[in-house]
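Required output: the full structure, derived from the provided sequences and hints.
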Amino acid sequence: MYRPSSGLALLRRLVLPLCLLAGCNDDLQPKPGDPPETPTEDGGDANMHHANNGDGTFTTTVDATSKDVWVALDLDTGRQVDATQDAKWDLAFQRFHIRARGGVNGKGGVEVATLSGADFAQLSQAPTAGYATDAADGDDVGTDPDTAFEVGDAWYSYDAVTHKLSPRDRVYVVRSDEGTWFKVRMLTYYDAAGTPAMLQLRWGKVQAPGNGELQVDASASDAWVYLQVGRGVVQVADSSTSRDWDIAVRRTQWRTNGGASGPGLGGARVADSTDVAAVQRAPSVGYAQDVVLTSPGPTGDTAPGNAVLGDWYDYDVNTHVVSPKARVFLVRTASGGYARLRITAYAAGRYTVQLAAVPVDVGVTKLTVDASDAQKVVGVRFGLGTVAALAADAPGSNWDISFSRTWVRTNSGTSGTGTAGAVVTEFTSLGEVTEAPTGPYVQDAMRPVAGPPGSGEASGNAVLGAWYDYDVNTHVVTPKSQVFVVRTIDGGFAKLRFLTYASGAFTLEYAWTGPGATHF
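Start counting the sequence shown at 1156; every next residue gets the next number (the working numbering).
Certain hints may be false.
Lysine-lysine pairs mimicking DSS-like chemistry, simulated, CA-CA at most 27 Å apart [said to hold, decoys possible]:
(1) K1243 x K1360
(2) K1222 x K1319
(3) K1531 x K1521
(4) K1243 x K1222
(5) K1531 x K1635
(6) K1243 x K1521
(7) K1635 x K1521
Hints listed in this document are in silico derivations from the structure and should not be mistaken for laboratory results.
So, in structure tokens, the structure goes:
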């Protein structure tokens, strides 16, 4: 997870983990003797002591001395919570490690912005850009995740001579799982007795960022203007290969960085609310990617674009005035993040827009699939939340799983060109599955068709083929109470339950991580 910026930093990264493992430095290990007293004045959180500073901020001391247990803080309530449950915590601590419940470390959507040299006392509003979530380990020293507090040169500096940790001069702004903004500053790593891993932090609420309002001049008919969430207008050398942009605009046309327009994971959908301030989270399902569209006007030119974003305006044929609709869009970014977009004004290619990042909400979707016609194949695309009829002999590629009566396939192996697959879990409710299993995911192969000997074979998925129980006396098909996880064709994962079945008609419930994500 470390990305040293100098030889000294590299030495520090190498020495510190070795010392922790080998015990070569007593100053970084818990001191012998009595454990710290359990705090009682603020409610008795077992590993935390909270002091009200009287200015809207709190100073919290965290006993993070355990090498095995994470101690979690819910900023919204100011209390210690269970770090083993992906439910309410925002930050978690273990020794010198700090996690945020977002990215690879949970589905809370917690994001962190790092402000070097900022004045903690004077900071009253969260910045509009620069937020990161915890990510999987990258190409660096160590194998731990690249957490927002430890990526780069980390929240602390390490003195290789004294073997001491010192917090850097930084303020962190944390967006909690409830959508509230907090400023956080790490104060110390040691208590008054010199015991390490007794972390002390000062924190308090700040105002939400501004609405991300931007002025965008897209009046040129021969040039696209590129925007990146959190940065505004950016320069892009080659949009067909770059992921350094999220949406693009030219006159009244809009693109996202995905599908036919770019190499990213982009897409767009309409939000459920027309009040931009009320759109605090983005569902993971329902984003349309870019396709080749016919341009408006008599020429009928074709070009990549996003059909959802293209429906942003009303046009008066008498006055030739273009007026933005009272509509909020949700955009999936090139990297798989999410943002809300509102176009508030337009005149001759010049826009006023509001563009701001929002966390994802991996909610549960219910879907009805009518696969009662044994001569037809019905496909499901989890990321779109759609059902479509597929050709029985050439099912195509735009689907994740398909149904024909009780027979289930995934877009993989002998059934399709995708890399889908399935596993079955030990759980019976979707809420119990918080992260996609590592696998292996079973792909499709030729399987015997149910019936008397000689009934033949058909392509199908062995894992999903066991989704039901069959009563030979009543001939009733009953879904099993099991949760399956399907790897989808776009690199995401869907956890799935079969709720009901009657004569080929299914009711399914599922939750989809989004492309490239593993947490539900």
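These are the hints, each one checked on the structure:
1. Only pairs whose Cα atoms come within 27 Å are accepted, and K1243 paired with K1360 is accepted, the gap being roughly 17 Å.
2. The straight-line distance between the Cα atoms of K1222 and K1319 is roughly 18 Å, inside the 27 Å bound, and the hint therefore holds.
3. The suggested pairing of K1531 with K1521 holds, with an alpha-carbon distance near 22 Å, which does not exceed 27 Å.
4. Using a Cα cut-off of 27 Å, the hinted pair K1243 and K1222 holds, with the two alpha carbons roughly 22 Å apart.
5. Distance check on the hinted pair: K1531 and K1635 sit about 24 Å apart at the alpha-carbon level, within 27 Å; holds.
6. Proposed proximity of K1243 and K1521 is supported: the alpha carbons are some 25 Å apart, at most 27 Å.
7. A hinted pair counts as satisfied when its Cα atoms are at most 27 Å apart, and K1635 with K1521 qualifies at roughly 17 Å.
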